[in-house]
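A.B. asks: So the chains spell out like this:
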Amino acid sequence: MTPLTRLRLLGGLCLVPLLGLGGRLWQVAVLEHEALREQAERRSRRVAVQPARRGRVLDRHGRPLALDLPVDDVTVDLTELDPALELVVPLAAALGLTREEALARLEVARRLAGPGRVAGDAQAEDGADDGADPNERLVLGGAPLERAERARKALRRARALEVAFEPGGLAVTVAPDVLRARDRTLGRLAPLVGRPLPALVAEVDAAVAAIFAQARRDDRLLAWQRPLVVREDAPFDVVARVAEEGWTLPGVAVRRRWRRLLPRGPLAAHLLGTLGAPTGEEAARDLAAGRVLDASRDALGLLLGARRDLPDDARLRDEPYGRTGIEAAYEGRLRGRPGATVLVRDARNRTRATLLDLPARDGEDVTLTLDAELQAAAEAALDQALARHGDPAAGGAAVLVDVRTGDVLALASGPRFDPNTLGRDFPEHAADPRHPLVHRAVQAFTPASTWKILTAFAACDPEVGVPPGWTTECVGILDPRARERRFRCDGVHGRTDLVRAVERSCNVYFFRAADRVGLDRMAEHARALGLGAPVGRGIPGERRGQVPTTATKPARAEAALEALAGWRGRLADALRFPPDPAAVDVAARRLTRATWWAQACLADRQPQPGDARNCFIGQGDVLTTPLQVAHLAALVATGGRTPWLRLDAAQPPEVRRFDLDPAALARVREGMRRVVTHGTASRPELGLRGLDLAGKTGTGERGKGDPYIAWFMGYYPASRPEVALAVVIDRTAGHGGEVCAPVARALVDAYRARRDAAPLDARGGR
Amino acid sequence: MGLRLDTRALGREVDRYPGALLGHCVLLLLVSVLALRSASLTPDGGSLHFAERQLGWALAGLGCFFAASLVPYDRLGRRWPALWGLGLLALVGVLVLGTKVNGARSWFSLGPVRLQPSELMKPLLALALAHVAARLGPRLATFGGLARAALVALVPFGLVLLQPDLGTALCFVPISLAIVFAGGARLRHLLGAFAGALACLPLVWCFLLAEYQKLRILSFLDRDEHALGGAYQVTQSVIAIGSGGLLGRGAGQGTQGPLGFLPERHTDFVFAVVCEDWGLLGGALVLGLYASLVALLLEQAHRTRDPEGRGILVGLAAVTATQVVVNVGMVLGVMPVTGIPLPLLSYGGSSLVASMLGFGLAASVARHRSRVALTPGAPREAPERRGTGRTERAILGA
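Chains A and B, in that order, give the protein sequences.
Going by the working numbering, 143 is the number at position 143 of the first sequence; the sequence numbering is gapless.
Going by the working numbering, 967 is the number at position 201 of the second sequence; the sequence numbering is gapless.
Derived by calculation from the structure, the hints in this document are not laboratory data.
Watch out, some of these pointers could steer you wrong.
[What the hints assert, rightly or not] Under the rule of at most 20 angstroms between Cα atoms (straight-line distance), these lysine to aspartate or glutamate pairs were calculated in the DMTMM-like manner:
1. A:K704 x A:D391
2. B:K866 x A:D520
3. A:K553 x A:D604
4. A:K153 x A:E86
5. B:K866 x A:E162
6. A:K553 x A:D520
7. A:K704 x A:D604
8. A:K704 x A:D497
9. B:K866 x A:D177
10. A:K553 x A:D621
11. A:K704 x A:E484
12. B:K866 x A:E484
[Claimed, not checked] The following label-pair restraints were derived from C-beta to C-beta distances:
13. A:T5 x B:A961: 32 to 40 angstroms
14. A:R361 x B:P878: 49 to 57 angstroms
15. A:D312 x B:V792: 41 to 49 angstroms
16. A:M1 x B:A961: 15 to 23 angstroms
17. B:R844 x A:T2: 55 to 63 angstroms
18. B:P847 x A:T2: 28 to 36 angstroms
These figures come from a predicted structure and were not determined experimentally.
By construction, the Cβ of each residue, glycine as well, lies at the ideal position given by its N, Cα and C atoms.
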């Protein structure tokens, strides 16, 4: 080999690998560029989300009924706070300990490490050493050499731990600074949040222990991500101080959240409704639809896509849904859109810059037609009536509507609850026999004699009915000779025309009208006057009520049988191996109820000749909501030009025209006026006599010995109607007049006071 | 004063001065300072600490380069036992007095400056071994001669291994192999020695080492590759290079380096910073500079007729190429993670000064090659002819 050959060989050996590296460089930098660039982006981005403020719910004068209150919590991220936590699992694996034991050893070492040298501690820095090296590594434990290989493997990722091999075995040591980091941070945090350090340390310790105690790994991983709240609802100065120093405190953050507050507690609670965290199903659906902002991958997909904006339905994982009432019905307007900030983060997860800042969009305020003062008066009167007349399971509702615009001014339900403490009180409310959570103002009840206002118009049917001036003789009972089923009246009314029938609530008059008109014809009239369907627009939860026809009973029996078969099938499914005890239990109970209901329906399957008579006096299968009854009163008050009832002040009033027989209308109006002056609600102690009020009482029977259902409906002023009202008390010993009239009186008084103080603006608003 | 400026002589000197070599070094140092400045940039500013210090070291390195290039290398070579012994003394001293960094006791702490004698040993070894090989001449082709030369390399190799700094110790291997190979050692001897070393390993393993020492070594070997997060580091560096693409993201505009994902970005992984900020273009430029530097050294070696000078050049070329290949290979994820810096580019005074001393020595060789060629009456004239003659005789005699 000549020297030249040798040099050439050397040259080749040196330069060919360099050429190869050039090729590899091309591969990485050009061919794999796209994928690697994306990885680099993902690694260096972090998304911070801000919840949106939910819109307020205001009454017609702009007084807030529900609003979002900002709450600032000071939180710590446990793993960021304490780097030693990452060592627990590798240490346990290396030394064959349980996680708890490993944690305990680290705690002992932490105590041994002490606070160490604190920056600015002049004495320590001057080197006034007491002999001990503050940076000496602390021994966490040892193991025989047989375990050495395993220990080494286990500790690969734990860089703060070191294995020292000694002739007799191995020792695992840790740098003391890792152990000191937590208490240094907490020591600075404690004065900021105004809590003693030992309490903070104990709280962090307890949280860590609780997480390690969880059996499932997934649960633990999830729990580590959840920051620990060390100061809830922190005042402004605390927040400011933490924010100022936070960047030097690893893991410490201020988290802004919104808390729904109903400033007036139980006021209109049923109507306003509640919020609830998403169910598992909803969460899965939202995630699948890609609109959950804080599921990190999706967030980047949402934010770093071409549009660099968020869809309107983007939401946070734990953002509550409106569940009931206004909160549910106006969800779309009330909820805002959460904001997001895309931050540049470094390898130690510290924020370095902001790439994209989409501020949260607050929800829209919703103004209701409700008047908070009238609502308060209605609720107070209702509470009083329930306390005085109700039986232990009684409940009631009171409705006040403006007949000119359809504005619902008060929509009260009793008994009430305080939504602000519902989370705590829920079990108590759920067990309460009075069912305080039920929104009775939109539920359907037996209308009893208030229904006679409708049947008054049905009775005057031009084809089959009686003429408006028709009279009949009431002897207290429809047919004294009847043996089996006796249709009674409350009194002996003698010669009775329509006016007197309404005034005295004479059943016999309406029985006889029923015999002529029939059930189906009555149903037609009822539907024509808006019954059997919602009378409001945008009133959450409003029921349709029920207008019976001859087909009602057979259809109901059929539906009951179908339900019975359905539950039987569900039970069979639940019993299939392996049986699910909970499902079996539910299905069996539902099946029992369905059987009972089907039996009842089958027994009452055939239309009876007395059905029409019963329904004409508002008994039997007739069901109406208090809103419908108030609407019926408004119908009489306006002579058939009645607006849709509305709650949303932004929705323009819309008047419907109903066809009312003028002669019958005049008589019904007179009858209703006389109810208050001479009739069923005219007793002086009820206090209605002096008011320019027209009304109608009702007392429904549920069965022998059962408490009554008491009603009062009316409009005010009788001469020039402005408002209509309906009051119902379910389960009471008293009659409609005596139970409900005081509530009506309170409503009218409150309305007069409000009207004189601040005239109602026709459009609602402030 | 009697001092007269001989402009002609100066002009001749300037003409003879190996400007290309100096140019390569200056360019690489420039890239280094720029890369370190870029590596120090962060979204919120950053400090120029590393770049400034590297600039200082670069100036010191240039000074060393000039000093070494002006000293006649053959005179230095003749004093190799003293220089070599000094180097060994430093290596022994560092074992006793040195500071432990990253598990290896390889640094002298002298106030603000830290010195790594094993880096300085690289040019010293090239110098010493080249002289010994040249002295041995054709005897290098015999096994005995080769063994003598090997002794010169093995002592520092062992001392560095004791620190333990496997990476630097392994750098001595290409220096030695290249010098003895260029000096005429037989390929089969080299291969045989290599096979022998391999064969000895299990014996040493089984009989000489205590259990805990084995574990220490295993742990060390393993740590180099995995335990210090080798996979993590390489993943990050590959992402950095890939995200740079063709033209790079601009100085300090990337994510991997400035945000701290890329570990050791001032030292071992500085090539990834170059590629992230200036893309394939910057990376290829650096690789090209190294390739051309190595080619330049080898070309000079070819022109040099003095076997000692050639040995020095070849040794330096080999160690430069090895370091570049091992380091860039690691950064590109095709070589295991070892702590070998990129010559002249990585931050670090000892490495930079040692490299510049080496290249200064190479410049001295290149400069004096001309002198040797121009002064035919000198005893070192026509060494090639003499060498070949001896080789022939040795071959005939063997």
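A.B. asks: Decide, hint by hint, whether the structure agrees.
C.D. replies: Each hint tested on the structure:
For the hint pairing K704 of chain A with D391 of chain A, the CA-to-CA distance comes to about 16 angstroms; that is within 20 angstroms, so the pair holds. Distance check on the hinted pair: K866 of chain B and D520 of chain A sit about 102 angstroms apart at the alpha-carbon level, beyond 20 angstroms; violated. Taking the CA atoms of K553 of chain A and D604 of chain A, the gap is near 7 angstroms; set against the 20 angstroms cutoff, the hint holds. Among the hinted pairs, K153 of chain A with E86 of chain A is consistent with the structure: their alpha-carbon atoms are about 16 angstroms apart, no more than 20 angstroms.
With a C-alpha separation of about 15 angstroms, the suggested pairing of K866 of chain B with E162 of chain A holds against the 20 angstroms cut-off. The straight-line distance between the Cα atoms of K553 of chain A and D520 of chain A is roughly 13 angstroms, inside the 20 angstroms bound, and the hint therefore holds. This hinted pair checks out: K704 of chain A and D604 of chain A have alpha carbons roughly 18 angstroms apart, not beyond 20 angstroms. Proposed proximity of K704 of chain A and D497 of chain A is contradicted: the alpha carbons are some 30 angstroms apart, above 20 angstroms.
Between K866 of chain B and D177 of chain A the CA atoms are separated by roughly 19 angstroms; this keeps the pair inside 20 angstroms, and the hint holds. Between K553 of chain A and D621 of chain A, the direct Cα distance comes to roughly 9 angstroms. Compliance with the 20 angstroms bound is thereby established for this hinted pair. Taking the CA atoms of K704 of chain A and E484 of chain A, the gap is near 16 angstroms; set against the 20 angstroms cutoff, the hint holds. In summary, the hint linking K866 of chain B to E484 of chain A is not supported, as the alpha carbons are separated by about 111 angstroms, beyond the 20 angstroms threshold.
Checking the proposed 32 to 40 angstroms range against T5 of chain A and A961 of chain B shows it is violated: the Cβ atoms sit about 23 angstroms from each other. Checked against the hint of 49 to 57 angstroms, the pair R361 of chain A and P878 of chain B passes, with Cβ atoms roughly 55 angstroms apart. In this structure, D312 of chain A and V792 of chain B break the distance hint of 41 to 49 angstroms, their C-beta atoms being roughly 60 angstroms apart. Checked against the given bound of 15 to 23 angstroms, the beta carbons of M1 of chain A and A961 of chain B, roughly 20 angstroms apart, stay inside it.
At about 28 angstroms, the CB distance of R844 of chain B to T2 of chain A disagrees with the hint of 55 to 63 angstroms. The beta-carbon spacing between P847 of chain B and T2 of chain A, approximately 31 angstroms, falls within the hinted interval of 28 to 36 angstroms.
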